[in-house]
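2 protein chains.
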Amino acid sequence: MFTKPKLKIIPLGGLGEIGKNMTVMEYEDDIIIVDAGLMFPGEEMLGIDLVIPDISYLEDKKDKVRGIVITHGHEDHIGALPYILSQINVPVYATKLTQGLISVKLKEHRTRVEAKLHVVPPGEQVILGKFRVEFFPVCHSIPDSTGLIIYTPAGIVVHSGDFKLDYTPVDGKPTDLVRLAQLGAQGVMLLLSDSTYAELPGYTPSEMVVGESLDRIMAESAGRVIVTTFSSLISRVQQVINSAAKYGRRVFIVGRSMNDTSHMAMDLGYLNVPEGILGRIEELHGLPHNKVCLITTGSQGEPTSALVRMLNRDNRQVHVIKGDTVILSATPVPGNEALVNRTVDTLFKRGAEVFYDRVAPVHVHGHASQEELKLLMNLVRPKYFVPVHGEYRHLTFHAKLAEAVGIPKENIFILGDGDILEISSDSARITGKINIEDIYVDGLSVGDIGDLELHNRRIMSRDGIVVAIIALNKDTGKPVGLPDIVSRGFVDSVEAKDLLEKSRHILAGAMGTTGGNGSEGINNVNIRETLKNFFYEQTHRHPMILPVIFKV
Amino acid sequence: MFTKPKLKIIPLGGLGEIGKNMTVMEYEDDIIIVDAGLMFPGEEMLGIDLVIPDISYLEDKKDKVRGIVITHGHEDHIGALPYILSQINVPVYATKLTQGLISVKLKEHRTRVEAKLHVVPPGEQVILGKFRVEFFPVCHSIPDSTGLIIYTPAGIVVHSGDFKLDYTPVDGKPTDLVRLAQLGAQGVMLLLSDSTYAELPGYTPSEMVVGESLDRIMAESAGRVIVTTFSSLISRVQQVINSAAKYGRRVFIVGRSMNDTSHMAMDLGYLNVPEGILGRIEELHGLPHNKVCLITTGSQGEPTSALVRMLNRDNRQVHVIKGDTVILSATPVPGNEALVNRTVDTLFKRGAEVFYDRVAPVHVHGHASQEELKLLMNLVRPKYFVPVHGEYRHLTFHAKLAEAVGIPKENIFILGDGDILEISSDSARITGKINIEDIYVDGLSVGDIGDLELHNRRIMSRDGIVVAIIALNKDTGKPVGLPDIVSRGFVDSVEAKDLLEKSRHILAGAMGTTGGNGSEGINNVNIRETLKNFFYEQTHRHPMILPVIFKV
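First to last, the sequence lines map onto chains A and B.
Residues 1 to 552, numbered by our numbering, are exactly what the first sequence covers, in order.
Residues 1 to 552, numbered by our numbering, are exactly what the second sequence covers, in order.
Treat the hints with caution; some may be incorrect.
Each computed DSSO-like pair below joins lysine-lysine, with the alpha-carbon atoms no more than 27 angstroms apart [as the list claims (entries may be wrong)]:
| hint | chain 1 | residue 1 | chain 2 | residue 2 |
| --- | --- | --- | --- | --- |
| 1 | B | 246 | A | 551 |
| 2 | A | 478 | B | 409 |
| 3 | A | 400 | B | 433 |
| 4 | B | 478 | B | 409 |
| 5 | B | 532 | A | 322 |
| 6 | A | 478 | A | 551 |
| 7 | A | 409 | B | 349 |
| 8 | A | 497 | B | 551 |
| 9 | B | 322 | B | 173 |
| 10 | A | 433 | B | 322 |
| 11 | A | 474 | B | 474 |
| 12 | A | 291 | A | 246 |
| 13 | B | 532 | A | 349 |
| 14 | A | 400 | B | 8 |
| 15 | B | 478 | A | 383 |
| 16 | B | 4 | B | 105 |
| 17 | B | 433 | B | 130 |
| 18 | A | 474 | B | 383 |
| 19 | A | 246 | A | 173 |
| 20 | B | 246 | B | 322 |
| 21 | B | 8 | B | 383 |
| 22 | B | 116 | B | 62 |
| 23 | A | 478 | B | 474 |
| 24 | A | 433 | B | 173 |
| 25 | B | 322 | A | 322 |
| 26 | B | 64 | B | 105 |
The set of hints was computed from the structure by calculation and includes no laboratory data.
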């Protein structure tokens, strides 16, 4: 019996979590990878810098990988590239601005690999083995974002990338709905679509709303206007420049990352600055305050951002002063709420006027809400549907929307990372699951920190550590003198001097009574138990106990 | 020259932060305290259980304190009582339900002090030295909430407590606007008012909105309905019971804290349960699913809550199963977002239908929004105004609202914890500031954990610890053998075996070359520097380095 080979879709990251987006598409001897993003660590991942996708599935298939196709230049889609390319150095395809951002990133990492970067303009195609990939323009919170039309021998796959519909986008390039409708008429086998905001009813507002707020604030503020946003939100930077120009304010870009990205975007033609608007920071102090606009990072309250440094008098050129108006043009990324709140509080304390998402329409997000998601499905009319990019509840909501627009329930697949979906024009099913782990980047190393070290960090973060140092006579095995006890992060060592002193005697007593010759009972387990019980009884804390035994 | 004594208002907590509300009011030799709340620790307060107000100001004034007046029974208003009463055991005045909650709390803490608790019905007054305090009913997310009218020789002070306006509250007891209007006519010197939601425009919706949602869900769900909320949100529990009764569902209360609080509220008459509605958990399994409603805690995704246990198959009586409908009738407390998201994801994975604040009107909060705050000021017409309860930005917004309704700017005081406001009917000014610290409760002890221990915990939480054990010859002072290196939470000790081994030699080498006789250069600072530099160079991590030197 002859069966036509199927297309395999395997998400390696991004399903069930926000970030580290990466999807493998495999057809016979050809593999393409869509996106290679990182994830910022959750609160419980103590000390971890980044999380990247687990590509061990590709280990023995490296020669089949035809390329990595990137939808847009955000960290959660490009951030893992330096790590991935050092393991599989295949060509990378993306639009011009996205490649610009990738180059900046690879340079920062000083990777030794010579990356093969190819620019693909929106609307054009590349052939990657049996795959033909067309990039189509979509609106998102970074210019030059694309979705993908992937022609495969099994059928046409549409991947939305991160997208929203905006009929009046800042760069004048709306999502190409006509192209999608054409495909819908032609017949699409599978749609993978962005679920990030599938919880939200209605439509995401146009960026135009933000432009209007900026205009009003630039017009009405008597002092300087300081706008903070993500450096990658180039369309927002464009809006700030437009609005400042309209109201006669010179624009000063403050901070390294905002400068790097803005200048790259200017060089590539994605940021248009009218003649004479941009100022050098040295010119700032000669200008009346109502002729000044500053653009910088810090919308997340990051302690190292330019805004927070300006606030803490830690920036050499600018400090936030009474009379300034500060706009946080971004929503707090989940986990950053407390930092953002603290920053807003400090701004108010310094006498600044502050605008942020809860009190003024100074930000719109970059993802489609429910009605837009339904519109996309109406245009593309896929036979099969896989919600991508989102935590499980987002995927669930998106699947429900798909059902609501008439896609049969059995044709909708909520996948998790590692699930293998095998699909052709007449059937689709999950045929297996590969084992996927979070790969932690901590300092210079990738993947060496595992659950044990995180567990240890967690214990020490809560109750500190107690080191018990025990000297045994090398001949008799009996303790020599009292054990020493040193602690860090457990108790105030001055206030709790008596407690620590007492613990030495408790431990000595326990060691004296255990074991015949005094030695066999003296082991790490006994020492730990003795101290653990004593300290818990005395303090209700559970420090890590680290026994150090040596013979003298 | 004779000056009339002034009233001193000193916030000891709750201004510039959410929680640990406590205000001192002092007139000559009489002091009263309003509220004694706790604050849940911020992310940066590693391992800390609670934060309570600093009452060192009262240390030498204990005999002047006439009593503690409590506005309502939430943790941020009563939670510090067990700690405060063990230091100043003065009478506590509150309404009946609030006293019920205080009693439960004191019992939990097994405090040895015999608390003097006095019930004051709303509308009644108590005399506390030169203060006369009247409790007036307000709406909030717990029944029996009150504001305070405090008659002082300097003038009348109104304290709103935590409040909102709800013309259709669940318990039928709206905020007493008439009483406030009478006072406004009479002349109020100072209003202290709740700022928690001063950022929000408009009006807070009535609890009725939630009742309607509950009705719809109870009516339409084919399976069991599980409602989670705070155990103290007794009016919500009442709404769930009402709605379940209406649609013929038996109600089962699951979990210790929900049971304790609900039964206390029933005993005191604050929760009315129709005959035959409440079921014992043993009866649960005989009932058809559409005749069942469960009420429990877990709306914050707390790992120890009944809901999360039911979800993790860790509850002996009930597990969440496919077909259940789960309602999270609460907003995530800031900092709990990630836990709540994870819980919602797991509920969806188990096949439950889930309703939560972002997707359905299943919760309204308990604080006044901007229009309500303005209405209160319009009725009370205070001469002076102090916004209370809130982070700095909330206080700032509230102060702006006060200006907008016509209170002169110079009569509005944004205080911080410790500020001393001296006030009389014809003048008010900040005359000083007492030093206020966060008092941390960690396990059994109060106040012993300081910044140093938190700093140590932070370092270990990020990069772990390295203990370096060095034996020196007691006669020559020279190192005996290679030093030992033990680490926890720093690197994988198997994977990084070579690194750790190498560090022993690096350290030995450094010790060999320092100092004349090999001993004077061997000190903690040198050891730390050597290892710090070596490990940073190799890993880009900064573990805590703990040298242990002993002589043999």
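A quick look at each hint next to the structure:
no.: 1; hint: 246/B to 551/A; in the structure: violated, 75 angstroms
no.: 2; hint: 478/A to 409/B; in the structure: violated, 76 angstroms
no.: 3; hint: 400/A to 433/B; in the structure: violated, 57 angstroms
no.: 4; hint: 478/B to 409/B; in the structure: violated, 72 angstroms
no.: 5; hint: 532/B to 322/A; in the structure: violated, 42 angstroms
no.: 6; hint: 478/A to 551/A; in the structure: holds, 9 angstroms
no.: 7; hint: 409/A to 349/B; in the structure: holds, 16 angstroms
no.: 8; hint: 497/A to 551/B; in the structure: holds, 23 angstroms
no.: 9; hint: 322/B to 173/B; in the structure: violated, 39 angstroms
no.: 10; hint: 433/A to 322/B; in the structure: holds, 23 angstroms
no.: 11; hint: 474/A to 474/B; in the structure: holds, 17 angstroms
no.: 12; hint: 291/A to 246/A; in the structure: holds, 11 angstroms
no.: 13; hint: 532/B to 349/A; in the structure: violated, 38 angstroms
no.: 14; hint: 400/A to 8/B; in the structure: violated, 59 angstroms
no.: 15; hint: 478/B to 383/A; in the structure: violated, 78 angstroms
no.: 16; hint: 4/B to 105/B; in the structure: violated, 41 angstroms
no.: 17; hint: 433/B to 130/B; in the structure: holds, 24 angstroms
no.: 18; hint: 474/A to 383/B; in the structure: violated, 81 angstroms
no.: 19; hint: 246/A to 173/A; in the structure: holds, 22 angstroms
no.: 20; hint: 246/B to 322/B; in the structure: holds, 24 angstroms
no.: 21; hint: 8/B to 383/B; in the structure: holds, 16 angstroms
no.: 22; hint: 116/B to 62/B; in the structure: holds, 15 angstroms
no.: 23; hint: 478/A to 474/B; in the structure: holds, 20 angstroms
no.: 24; hint: 433/A to 173/B; in the structure: violated, 57 angstroms
no.: 25; hint: 322/B to 322/A; in the structure: violated, 57 angstroms
no.: 26; hint: 64/B to 105/B; in the structure: holds, 26 angstroms
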